[in-house]
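Novice: The residues making up each chain are set out below.
Number of protein chains: 2
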Amino acid sequence: MNNHLVIMAGGVGSRFWPMSTPECPKQFIDVMGCGRTFIQLTLDRFKGIVPNENVWVVTSESYKDIVREQLPEIPVDHILLEPCRRNTAPCIAYVSWRIRKECPDANLVITPSDHMVVNITEFQRIISQALEFTSGNNAIVTLGMKPTRPETGYGYIERENSSQPTEFYRVAQFREKPNLETAKEYIQHPEFYWNSGIFVWNVQTIVSELSQHAADVAKVFDTLMPYLGTADEQAKVNELFPSCPSISIDYAVMEKAKDIYVCPADFGWSDVGTWGSLITLSEKDSDGNAAIGPRIELHECSNCIVHTSEERRVVLQGLDGYIVAEKDGTLLVCKLSEEQRIKEFSAQ
Amino acid sequence: MNNHLVIMAGGVGSRFWPMSTPECPKQFIDVMGCGRTFIQLTLDRFKGIVPNENVWVVTSESYKDIVREQLPEIPVDHILLEPCRRNTAPCIAYVSWRIRKECPDANLVITPSDHMVVNITEFQRIISQALEFTSGNNAIVTLGMKPTRPETGYGYIERENSSQPTEFYRVAQFREKPNLETAKEYIQHPEFYWNSGIFVWNVQTIVSELSQHAADVAKVFDTLMPYLGTADEQAKVNELFPSCPSISIDYAVMEKAKDIYVCPADFGWSDVGTWGSLITLSEKDSDGNAAIGPRIELHECSNCIVHTSEERRVVLQGLDGYIVAEKDGTLLVCKLSEEQRIKEFSAQ
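Keeping their order, the protein sequence lines are chains A and B. Going by this note's numbering, the first residue of the first sequence is number 208, and it counts up by one from there. Going by this note's numbering, the first residue of the second sequence is number 208, and it counts up by one from there.
So here's chain A without its partners, still in its complex pose (with noise of 0.2 angstroms):
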């Protein structure tokens, strides 16, 4: 088995806050209240799919003992640690330079570590269809979300014209986030997916492709190929890593790379960016709550999104629309449709 699976889990996830906390974000969380977090889910979607023992995790420093209690499956030396933030490309970077060097031959699969998949059949599906299409092909393929709203929060994907449907389209373009105005039209398009943050290419083509369009990121680990593997990775890591330009792998590769696909995909997908992504995915009630934690006594309550870990009980009565969380000791009531502003909040 030449699959490997990259997880992508340093972000902050900032906007669930104090659900999420810098101290522990979002994908090491019960988000959903089933009993897994989302980095935990992530895993098990892969199985069949990836061996654990290839199993890859990038996250930083301080996230490093939560990811070996959550995940103790997959082997310790396969969480990769950054010293700093970096953005994507430098993180693909790392990984894929350092999974080259073990396993020249490897066929991988990135994925966020914090995102939600409904139908895992259909997942599988398509994942095993695209890794068997990148372990012959030097090809990049993104997995394309068609697309279910008008939603400005993601960035799209067109496709190239195409006389008859396939499994993977040549990419016309990367769209950024659009406004709603523009994200209006581009769904008029059969054309135009969201960017799942999902990647799938063998590790010869990511490593050529930084190497071609982000040379200051691919010298990097270039100069720290002698270390990887060994004693003195992670402090030669911690040396040069910071080295590296912030740059997203969409902007450095992506935008720039030929031979590029979309793989249509329909499996039920959201990156689960907000909460009121999150009321949507989760089971509501009659009335549009979605309680998630222990014993949540709702009272005329409509529209509202309630987490809570460490209460032990919580009455809610005559709210209509509103997050109302508990962590830590921190609670946060806010209006749904003022949870831009949480971010602002938890900075204070």
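Since the hints were made in silico from the structure, they are not lab data. Every residue gets a Cβ at the ideal spot worked out from N, C-alpha and C, and that includes glycine. Among the hints, erroneous ones may be present.
Restricting the straight-line Cα-Cα distance to at most 25 angstroms, the calculated cross-link-like pairs of lysine-lysine (PhoX-like) are [to be verified]: (1) A/K384 with A/K465; (2) B/K463 with B/K353; (3) A/K426 with A/K463; (4) B/K384 with B/K463; (5) B/K542 with B/K491; (6) A/K542 with B/K542; (7) B/K491 with A/K542; (8) A/K491 with B/K542; (9) B/K443 with B/K271.
Pair ranges (Cβ atoms, derived) [claimed, not checked]: (10) A/E280 with B/R548: 45 to 53 angstroms; (11) B/T487 with A/R548: 24 to 32 angstroms; (12) A/D284 with B/N510: 55 to 63 angstroms; (13) A/G495 with B/A554: 26 to 34 angstroms; (14) B/E260 with A/R519: 40 to 48 angstroms; (15) B/R548 with A/G495: 19 to 27 angstroms; (16) B/T487 with A/G495: 46 to 54 angstroms.
Knowing the structure of chain A, use the given hints to seat chain B on it.
Specialist: The following block gives chain B in isolation, referenced to the frame of chain A:
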């Protein structure tokens, strides 16, 4: 000094759940966020009038340790424990028989433990005046508060008409909690006062009145008399106290006694019986919010009462007219207008 103070502290404060719980009801809580609990504030306001060694607390067995901890300055054997709740008449009878045995000349003030007084100087003037009156007089004195609004949550005392103003008026009638229409009628007349539940009398008077008008209660304490103040007191009280009928002092004595007076008072008093009354008494911001607790941040909130003793940080946004209370792992958010339902919530 024959002045004695009796603090009745057996209440369960269920209307203030979850701030107030059966384990630690309202009188033992720093409700105002001033650093002193209600029972401590009650004792404080008698400084200089009653020496600590003449202070008595009647409470239930389960609150003994809290009282000892919160009022370390009063004698431990002055904390009398009711084995069960039998309303105020048996409570007052117990402490009166007990005090009479030690100090037959005692002159008593009876006070609830969970009320608020704003003007302590005026309070002390009124109490001193009442104690002077009852020290040489077999009168029953009630403190009548000048009503400031048509309150339906209080009982009223109607005094007899008097041609000239005086400090003590004869009581014409006790009136039950009125409906709003009746309350509006009452406050038109200068003869009506709120019944504060604060009483002043000498111990011979109350024992004699109880013996006359509440023989079934008096009989129990006549039987207990040989054991009061001995090592057997608690065991015998536990045995016989439950045989008392459950009856209020108003009903047992006030409404039947002849030599009964009301002393008009105006020292800013409240029984703090509702969250609404607490918000009235508390310091408020310019939007009418009263926030009691560490680090409470309000954004676009108005007319809210927030009481959080254990949260380290609370951020509230977009709430108008709500109660937010958190204690011991229990959170309540409830419209102030629905606060009468809190008892029901807490019972579930």
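Novice: Are the hints correct? Go through all of them and say.
Specialist: Going down the list of hints, with the structure as the test:
no., hint, result
1, A/K384 with A/K465, "holds, 22 angstroms"
2, B/K463 with B/K353, "holds, 23 angstroms"
3, A/K426 with A/K463, "holds, 18 angstroms"
4, B/K384 with B/K463, "holds, 18 angstroms"
5, B/K542 with B/K491, "holds, 18 angstroms"
6, A/K542 with B/K542, "holds, 15 angstroms"
7, B/K491 with A/K542, "holds, 23 angstroms"
8, A/K491 with B/K542, "holds, 23 angstroms"
9, B/K443 with B/K271, "holds, 18 angstroms"
10, A/E280 with B/R548: 45 to 53 angstroms, "holds, 49 angstroms"
11, B/T487 with A/R548: 24 to 32 angstroms, "holds, 31 angstroms"
12, A/D284 with B/N510: 55 to 63 angstroms, "holds, 58 angstroms"
13, A/G495 with B/A554: 26 to 34 angstroms, "holds, 27 angstroms"
14, B/E260 with A/R519: 40 to 48 angstroms, "holds, 42 angstroms"
15, B/R548 with A/G495: 19 to 27 angstroms, "holds, 22 angstroms"
16, B/T487 with A/G495: 46 to 54 angstroms, "violated, 35 angstroms"
Hint check: a violation occurs at hint 16 only; the rest are consistent with the structure.
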